[in-house]
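Engineer: Produce the entire structure from the sequences given, and follow the hints as far as they go.
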Amino acid sequence: MHSEQPRNDRPESSTLDDALLLACKRAVDEKKPIEFKAAIRNTDRTVGARLAGYIAQKYGDAGLRDKSIVATFEGSAGQSFGAFCINGMQLVVYGEANDYVGKGMNGGEIVIRLPKNASYASNENAILGNTVLYGATGGTLYAAGQAGERFCVRNSGAVAVVEGVGDHACEYMTGGTVVVLGACGRNFGAGMSGGIAFVYDPENKLPARLNPDMVKLERLDGEADDEWLRECIKGHAAATGSRYAWVLDWRWGDTQKFFWKVAPK
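Going by our numbering, the first residue of the sequence shown is number 602, and it counts up by one from there.
Any given hint might turn out to be false.
[Stated by the list, open to error] Straight-line alpha carbon distances no greater than 20 Å define the calculated SDA-like cross-link-like pairs of lysine to any residue that follow: (1) K626 to A663; (2) K633 to T644; (3) K633 to D667; (4) K817 to P803; (5) K866 to A719; (6) K817 to T738; (7) K862 to D768; (8) K862 to A784; (9) K806 to E725; (10) K668 to E725; (11) K866 to P803; (12) K817 to G783; (13) K858 to G783; (14) K862 to Y773; (15) K858 to A784; (16) K817 to K858; (17) K835 to L818.
The hints are simulated quantities; they were obtained by calculation from the structure and are not laboratory data.
Structural biologist: What follows is the structure, given as structure tokens:
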């Protein structure tokens with residue numbers, strides 16, 4: 602059997618990913634800072650991957666100095682935005698992003714913010730698709746909103762802050778740190794053998810949604826956890842402009858009491 606449907610090949614014309622690489626190539630060669638701005642649509646897939654590959658080819662895992670390349674987009678990013686992001690890159694979206702954001706991320710920073718004219722609460726709305734940070738080994742993600750299912754599956758070293766997740770978050774995670782500032786779906790932490798997750802849970806729902814086979818729940822472990830987590834939330838608020846995160850920080854005396862720490866047994 603074979604299909605006679607028309608093929609849906611990727612267009613051969615220049616893509617946004619190509620434009621980003623072309624605009625930044627000389628700056629990468631000369632190790633100079635550069636800013637790039639563009640609109641983005643959901644048909645713009647894997648934006649940032651070619652640039653990351655070029656940086657890695659020239660400089661290896663070391664990449665460039667922090668935020669050497671700051672690329673800002675407005676709109677709805679297509680699948681695999683920021684895939685294989687590397688040190689020196691900061692990718693910012695005002696809008697939303699589809700599945701597989703930060704796939705294979707190695708370093709750098711990805712920020713997903715609300716649209717500039719948004720008036721709704723970030724923590725009550727989805728801003729990311731499914732399977733974010735799949736197989737990531739480093740870098741930082743801040744997202745001012747909820748993510749879909751299988752958030753940080755097989756994360757091995759990235760730090761991520763998000764304001765809610767769907768089912769199967771942190772599945773098979775082996776490293777890195779995840780901070781969830783809102784509701785979680787079921788089967789949290791299934792097969793999680795490494796890394797740490799912090800979950801804000803004022804309604805005490807996580808114990809019933811956790812997969813306890815390989816992980817345990819405990820409260821914050823002294824000043825070290827408390828200080829690191831608060832600084833992480835401040836960083837999230839500064840990067841994303843999340844009012845929700847600012848309030849959590851402002852009310853830290855009450856906020857900290859509702860955090861769970863999820864760690865391998």
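Engineer: Compare the structure with each hint and give your call.
Structural biologist: The hints, checked one at a time:
1. At most 20 Å may separate the alpha-carbon atoms for a hinted pair to count; K626 and A663 meet this at roughly 17 Å.
2. Under the criterion of a C-alpha separation no larger than 20 Å, the hint pairing K633 with T644 is inconsistent with the structure, at around 30 Å.
3. This hinted pair checks out: K633 and D667 have alpha carbons roughly 11 Å apart, not beyond 20 Å.
4. Restraint check for K817 and P803: satisfied, since their Cα atoms lie roughly 18 Å apart, inside the 20 Å limit.
5. Between K866 and A719 the alpha-carbon distance is near 42 Å, which puts this suggested pair outside the 20 Å criterion.
6. For the proposed pair K817 and T738, the alpha carbon gap of about 23 Å is over 20 Å, so the pair is violated.
7. A hinted pair counts as satisfied when its Cα atoms are at most 20 Å apart, and K862 with D768 qualifies at roughly 18 Å.
8. Taking the CA atoms of K862 and A784, the gap is about 14 Å. The hint holds against a cut of 20 Å.
9. A hinted pair counts as satisfied when its Cα atoms are at most 20 Å apart, and K806 with E725 qualifies at roughly 17 Å.
10. Only pairs whose Cα atoms come within 20 Å are accepted, and K668 paired with E725 is rejected, the gap being roughly 30 Å.
11. For the suggested pair K866 and P803, the alpha carbons sit about 24 Å apart, so the restraint of at most 20 Å is broken.
12. Of the supplied pair hints, the one linking K817 and G783 holds, its CA atoms being roughly 19 Å apart against a limit of 20 Å.
13. A C-alpha spacing of about 14 Å is found between K858 and G783, which places the hinted pair at or below 20 Å, so the restraint holds.
14. Under the criterion of a C-alpha separation no larger than 20 Å, the hint pairing K862 with Y773 is consistent with the structure, at around 17 Å.
15. For the proposed pair K858 and A784, the alpha carbon gap of about 16 Å is at most 20 Å, so the pair holds.
16. As the CA atoms of K817 and K858 are separated by approximately 17 Å, the hinted pair is consistent with the 20 Å bound.
17. For the given pair, K835 sits about 24 Å from L818 by alpha-carbon distance, which is inconsistent with the 20 Å threshold.
The structure does not agree with the numbered hints 2, 5, 6, 10, 11, 17 stated previously, though it agrees with the rest.
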